[in-house]
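Novice: Based on the sequences and whatever the hints tell you, model everything.
2 protein chains.
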Amino acid sequence: MQTELSKKLGVEHAVFGFTPFPAVAAAISRAGGFGVLGAVRYTAPDDLKRDLDWLHAHTDGKPYGLDVVMPAKKVEGVTEADVEAMIPAGHREFVEATLAEHGVPELPEGEASGWRITGWMEQVARSQLDVAFDYPIKLLANALGSPPADVIERAHAHDILVAALAGSARHARKHADAGIDIVVAQGYEAGGHTGEIASMVLTPDAVEAVAPLPVLAAGGIGSGEQIAAALALGAQGVWTGSIWLTTTEAELHSRKLTEKLLAATSSDTVRSRALTGKPARQLRTEWTDAWDDPAGPGPLPMPLQGLLVAEAVSRIQKYEVDALLGTPVGQIVGRMNAERSVRGVFDELTRGFERAIDRVNRMAGR
Amino acid sequence: MQTELSKKLGVEHAVFGFTPFPAVAAAISRAGGFGVLGAVRYTAPDDLKRDLDWLHAHTDGKPYGLDVVMPAKKVEGVTEADVEAMIPAGHREFVEATLAEHGVPELPEGEASGWRITGWMEQVARSQLDVAFDYPIKLLANALGSPPADVIERAHAHDILVAALAGSARHARKHADAGIDIVVAQGYEAGGHTGEIASMVLTPDAVEAVAPLPVLAAGGIGSGEQIAAALALGAQGVWTGSIWLTTTEAELHSRKLTEKLLAATSSDTVRSRALTGKPARQLRTEWTDAWDDPAGPGPLPMPLQGLLVAEAVSRIQKYEVDALLGTPVGQIVGRMNAERSVRGVFDELTRGFERAIDRVNRMAGR
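First to last, the sequence lines map onto chains A and B.
Just so we're aligned: the first sequence equals residues 174 to 539 in this note's numbering.
Just so we're aligned: the second sequence equals residues 174 to 539 in this note's numbering.
Since the hints were derived computationally from the structure, they do not count as laboratory data.
There's no promise every hint is true.
Since copy identity is lost for identical chains, a pair holds within one copy or between any two.
Here are the computed lysine to aspartate or glutamate pairs in the EDC-like style, where the Cα-Cα straight-line distance is at most 20 Å [said to hold, decoys possible]:
#1 K491 <-> E424
#2 K180 <-> D531
#3 K347 <-> D441
#4 K451 <-> E257
#5 K222 <-> D307
#6 K180 <-> E484
#7 K235 <-> D332
#8 K491 <-> E295
#9 K347 <-> E381
#10 K451 <-> E369
#11 K451 <-> E253
Specialist: So, in structure tokens, the structure goes:
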């Protein structure tokens with residue numbers, strides 16, 4: 174799967190793999206794809222440095238990238254405490270009542286909640302970049318709008334391509350105007366933050382909107398047939414994420430969650446504001462149901478919701494509370510039915526791609 | 174675009190075109206596709222007979238089909254009046270208040286509402302079939318579940334293939350078990366009744382679920398690139414609908430509606446229960462907003478909602494009330510930007526298909 178973009182980046186296959194796990198990112202790059210490490214969970218620069226050291230040492234010299242979550246709009250002088258103070262008491266009570274209903278224990282004394290708002294704040298993302306620019310990363314992706322102009326400039330000065338996620342043609346054009354190099358068209362079926370437009374329509378919309386900039390198709394891609402479809406739609410490659418969650422290299426820290434992912438069908442996800450305040454696709458659970466219930470208080474806007482539920486999510490994960498346990502994942506979860514190595518998944522992608530090309534050529538009478 | 178299914182049906186291209194307009198269906202079949210006439214609006218058998226006569230005379234001997242809306246569950250002895258009586262007074266008041274707010278006039282004395290519940294009732298669908306079986310139709314599609322067993326048998330006795338729309342793999346398997354011949358996998362992005370799963374994921378899900386039965390991909394298909402994508406995903410052809418609405422042969426009866434469709438982007442549709450009580454994708458308007466507003470009474474279940482709004486829809490259409498004027502249409506509406514003949518659209522589909530095959534072959538190094 175060779176495109177102009179994969180050639181430019183020096184990878185064998187135009188398959189980009191986003192993952193929070195360095196071992197998965199390294200294995201994707203080694204397999205001939207392009208591994209992209211998600212930085213959002215690194216609130217301490219030293220942790221990111223440690224994992225980038227490891228990643229760099231394990232890619233066999235193959236290229237890799239970093240994904241940050243950097244809001245385009247700068248909010249000056251707002252601390253986490255200021256944001257905390259904006260959360261209504263009724264919402265905090267709803268969180269506690271929902272956890273109590275399912276018998277979710279408190280965290281042990283002194284154990285901090287793992288995932289915090291901090292990873293979403295610009296100063297944290299900037300400290301991540303200060304670390305990342307010391308490594309030969311080839312791609313910097315931003316999951317939340319275009320990165321600020323100075324960040325794009327700094328990346329370009331390091332010969333790093335800048336990518337940004339878009340959910341509509343209008344959104345994609347905004348990124349192009351901001352000077353980014355690659356648009357990741359994130360379809361409705363994708364895990365994590367998504368818009369309303371499905372990949373079959375969004376991919377060609379984005380391609381037309383930003384040509385000649387390259388577009389990567391994201392959302393619903395978990396097989397070689399789907400890669401062939403994305404390339405037929407005009408994409409220069411695919412951006413995958415969900416399918417790596419159930420690889421043997423992934424470290425989900427919850428066996429029960431892995432089993433839920435392996436058992437889920439494509440009908441078992443929901444696009445909900447429960448996690449961050451913005452619509453994000455994830456496993457449907459009694460937790461998302463509680464937030465989506467019109468009888469409840471409903472989610473708060475970003476960034477309040479993420480801050481509100483951070484500790485609750487840690488508690489649900491730590492105690493593996495089945496009815497509430499979820500994770501961002503796309504509709505492709507229905508095809509994630511067996512744990513396999515990254516290499517195993519990758520080989521199946523390339524085989525399926527060849528099968529699909531054979532089939533369409535037959536149908537085209539070639 | 175030749176597949177086993179297109180060969181079986183004797184058409185040049187595996188492109189199925191659903192349309193309520195006989196002139197469009199005939200032109201699709203003449204262009205080398207497979208025209209499918211939607212029967213739901215024919216409440217009088219003689220009207221259907223007249224249009225099937227015309228269609229048969231204008232397809233140059235090429236095959237065509239019929240699409241009915243036949244509920245799988247039989248409701249015995251229920252009249253339209255019984256159903257009318259189940260509608261709460263508050264909902265009727267909401268309809269009138271919303272129309273009054275936009276200054277929508279009443280229908281003239283004696284003018285009946287055009288679209289009624291009757292087309293959705295089994296006895297009406299059966300009377301349509303009594304007419305249709307006198308014509309050499311090659312395909313009978315049902316938009317609402319599997320048709321009853323005796324209808325499938327009767328179709329097969331006439332050498333007619335039976336198709337049914339499905340929104341999930343489970344749904345597709347149910348159809349296969351009922352003995353139908355073709356599954357139309359209707360993705361989230363499709364116009365009309367749809368499920369939650371987008372075409373990129375649903376098409377291969379359905380293919381795997383019912384193999385070796387053929388699957389047609391529906392939802393988001395309006396270009397040859399999208400046809401190539403659907404075939405790469407394992408479909409034996411595509412089922413299109415929206416793209417024919419803005420052809421010169423279509424008779425929408427409202428210039429303003431045609432202009433709204435031509436101007437709409439892929440962000441301008443909504444999956445709403447406003448029209449029939451079941452989620453159906455359509456142009457987003459102040460009418461759908463009113464029904465989707467949590468502050469309002471919300472839509473009634475099928476078939477009550479369709480009956481409740483039938484006259485209102487006729488009034489909105491007759492007086493072309495801009496803010497409320499809509500129609501079922503898929504996300505592909507964003508690419509319907511110019512009125513063209515059916516032949517013009519078809520030629521562009523085949524050209525785009527060849528371009529896409531060229532591109533994926535290049536990317537596959539072939």
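Novice: So which of those numbered hints doesn't the model satisfy?
Specialist: 6, 8
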